[in-house]
Structures are given as C-alpha cells and as structure tokens.
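Same order as they appear, the protein sequences are chains H and S. Residue numbering for the first sequence follows the numbering used here, beginning at -1 and increasing consecutively. Residue numbering for the second sequence follows the numbering used here, beginning at 109 and increasing consecutively.
Wrong hints could be hidden among the right ones.
To be verified - In the DSS-like style, the derived pairs of lysine-lysine whose C-alpha atoms are separated by at most 25 Å in a straight line are: (1) H:Lys2 - S:Lys211; (2) H:Lys55 - H:Lys2; (3) H:Lys83 - S:Lys280; (4) S:Lys148 - H:Lys89; (5) S:Lys211 - S:Lys280; (6) H:Lys85 - S:Lys280; (7) H:Lys59 - H:Lys85; (8) S:Lys280 - S:Lys207; (9) S:Lys277 - H:Lys2; (10) H:Lys83 - H:Lys59; (11) S:Lys148 - H:Lys85; (12) S:Lys207 - S:Lys274; (13) H:Lys55 - S:Lys207.
No wet-lab data here; the hints were simulated from the structure.
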Amino acid sequence: MKNKIIRRGDIILALAAVAAALILLIFQRTSSGGRVAVVTVNSEVIARINLDELSEKTVIKTDTEPSAIIVAENGEIYFESSGCKDKICVKTGRLTHKGDTAVCLPARAVVSISGSDVDAITY
Amino acid sequence: MKQDRNFAPALCAVLCAQAIALNFLEGLIPEIPFLPPGAKPGFSNIVTMFAAGSLGLPYALTIAFVKSLFTFATRGFTAFVMSFSGGMLSCLAGYFLLKYASKRLGYTGISVVCALCHNLGQLIASVFITGSGMTFYYAPFLIIFGVITGLITGVIFSAVLPALLKQAKHFKADK
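Let the sequences and hints guide you as you build the complete structure.
Here you go:
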C-alpha cells in the first residue's frame, strides 16, 4: 500500500462534488411555484399541504410503529415528536425552503417541500 | 518460507474491534449545529479502507458487516440497514480505487469517494425504507458533508497508516 496523501486529482474531485451539490441545491431552491409540503408515509403520499396558503394548524399522526407527529403551521412544517430512538427527524427542525427535507426512517415518514409546479398534475 | 494462514483472520478480527471502537467513540461527539442531523464523521472508514488495501475485499466487507451488526445491537434495525448499505458500497469503492486509481487519486481523494459512496448507499437504503424518492432532497447536504468528512478521514488515514502497518506486522509469524 504505497500512495500519496493528496494528489491534484483529489482536489479536482472534491471541488467537482461540491459544485454538483451547489447546483443541485440552487435547482431545489429556485423551482417555480408556491411551497408545497409533501408528506409521504410508507411510500404513499398522505398529504400535500400548500404552505403559502396555510391558514390553520395541521397535525398529521402517522399510523406506523413507532409513530411520528408532523405539524404544519405559520408557513412551516416539522416533526413535532417521534417514537423513534435517535429523533433525527425532530432535530432536523422546521422546514421552510423548497428542497428542505426531514426524514424519520423508523416511522418511514418523509416530509419535503417542493415547488407546486412539480406537482401540477394533482392540483 | 511458510506463509502463516492465520495472519489475515487474526488481523481482521483486531481491525473489526478497532472499527467498532471508532464507531462508538464518534457516537459520543455531540450534534454539531448547521450540519445534517445524524451526520457522522465516519472515522471507522479509516479501518475499512486499510483492510481493503492490505487484506483484500472479503476482509474489508467482513469488517463493514461486523460494524453494522454492532449498530444493530446498539441502535436498532433501521440503523443497521443504513450502516450495512453504506458500509458495503464504501468498501467496494475503497477497494477498487486503491487497486486501480492510485495513480490519479491520493488517500484523501479515495477517502472522499468512500464517504460519498457511504452516503449514497444510505440514500438508496432510505429510498427502500420509506418507499419515497424524496429522501434524495438530502443529497446536496450529504455531498458537501461527505466531502468534508472524507477530507478529514483521508488526512487522518495517511497519518495513522504507519501505525496500522506496524500493527499488521505483529501478526506475521516470520518477521
């Protein structure tokens, strides 16, 4: 095992990866239309909430084991609590921007915000 | 000269223990704000990368598997699936890059690709667990974080490589 610590290729590779990530991020943030939160549980989309037109607090409780409670209010959506161990979904915090995603793997629940035009068919 | 048949399994067992120890130690690091929740530095990748380079692919995969069993015991089934899928993909990447791309990439670059493959493996697993491709929205953050952790573990790998090689020597019967 003889090798160099760092080569020029390493730097090019790292920069290319970061550039790709930034381009992806810009695409996510700038997708057109209003902000729509898509709640997916067990591969089924159980709710689509237009955060820009949200007037009252919406609470969704997943029927999975462990269960997660998702709350949408004041133009944001977040995992309020979850019965899982690590609580990664709750720690993700409040989602406000397009592209923001929170996942609770034990509860098989995904919440993400996309531009409404992406889901134009359902409206 | 007689080749010691027990060399590789014995070294592999010690590397397994070291991978688990690193995995445990990085679990003690508190969550860092502004980073994706649940993101880990992946220090045990140092060990699997060394195994992939010195002992070969089967041993490296064994270490990744044993590590994910440890995750299963401490953090449950979901964590096991994530650790397993990430570990396997990262091992494969490490093995083939060390073998075929050493002329173009240094340890740091290979470590970055391993970290990215680890994250990719986990993303693929998360798609199967949730049944939703939405988890790929996480990708930009995972890529940026993967590059950073890959750079760090790559530098650490280069620093501890002499020690790892010295350790491996102890397991050889004929010096």
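Going through the hints against the structure:
Proximity of lysine 2 of chain H to lysine 211 of chain S is assessed by CA-CA distance (about 9 Å); at most 25 Å being required, the pair is judged to hold. The suggested pairing of lysine 55 of chain H with lysine 2 of chain H is violated, with an alpha-carbon distance near 57 Å, which exceeds 25 Å. Of the supplied pair hints, the one linking lysine 83 of chain H and lysine 280 of chain S is violated, its CA atoms being roughly 43 Å apart against a limit of 25 Å. For the proposed pair lysine 148 of chain S and lysine 89 of chain H, the alpha carbon gap of about 14 Å is at most 25 Å, so the pair holds.
Using a Cα cut-off of 25 Å, the hinted pair lysine 211 of chain S and lysine 280 of chain S is violated, with the two alpha carbons roughly 29 Å apart. Proximity of lysine 85 of chain H to lysine 280 of chain S is assessed by CA-CA distance (about 45 Å); at most 25 Å being required, the pair is judged violated. Restraint check: the Cα-Cα separation between lysine 59 of chain H and lysine 85 of chain H comes to about 15 Å, which is no more than 25 Å; the hinted pair holds. At most 25 Å may separate the alpha-carbon atoms for a hinted pair to count; lysine 280 of chain S and lysine 207 of chain S meet this at roughly 23 Å.
Proximity of lysine 277 of chain S to lysine 2 of chain H is assessed by CA-CA distance (about 21 Å); at most 25 Å being required, the pair is judged to hold. For the proposed pair lysine 83 of chain H and lysine 59 of chain H, the alpha carbon gap of about 17 Å is at most 25 Å, so the pair holds. The suggested pairing of lysine 148 of chain S with lysine 85 of chain H holds, with an alpha-carbon distance near 15 Å, which does not exceed 25 Å. Using a Cα cut-off of 25 Å, the hinted pair lysine 207 of chain S and lysine 274 of chain S holds, with the two alpha carbons roughly 21 Å apart.
In summary, the hint linking lysine 55 of chain H to lysine 207 of chain S is not supported, as the alpha carbons are separated by about 56 Å, beyond the 25 Å threshold.
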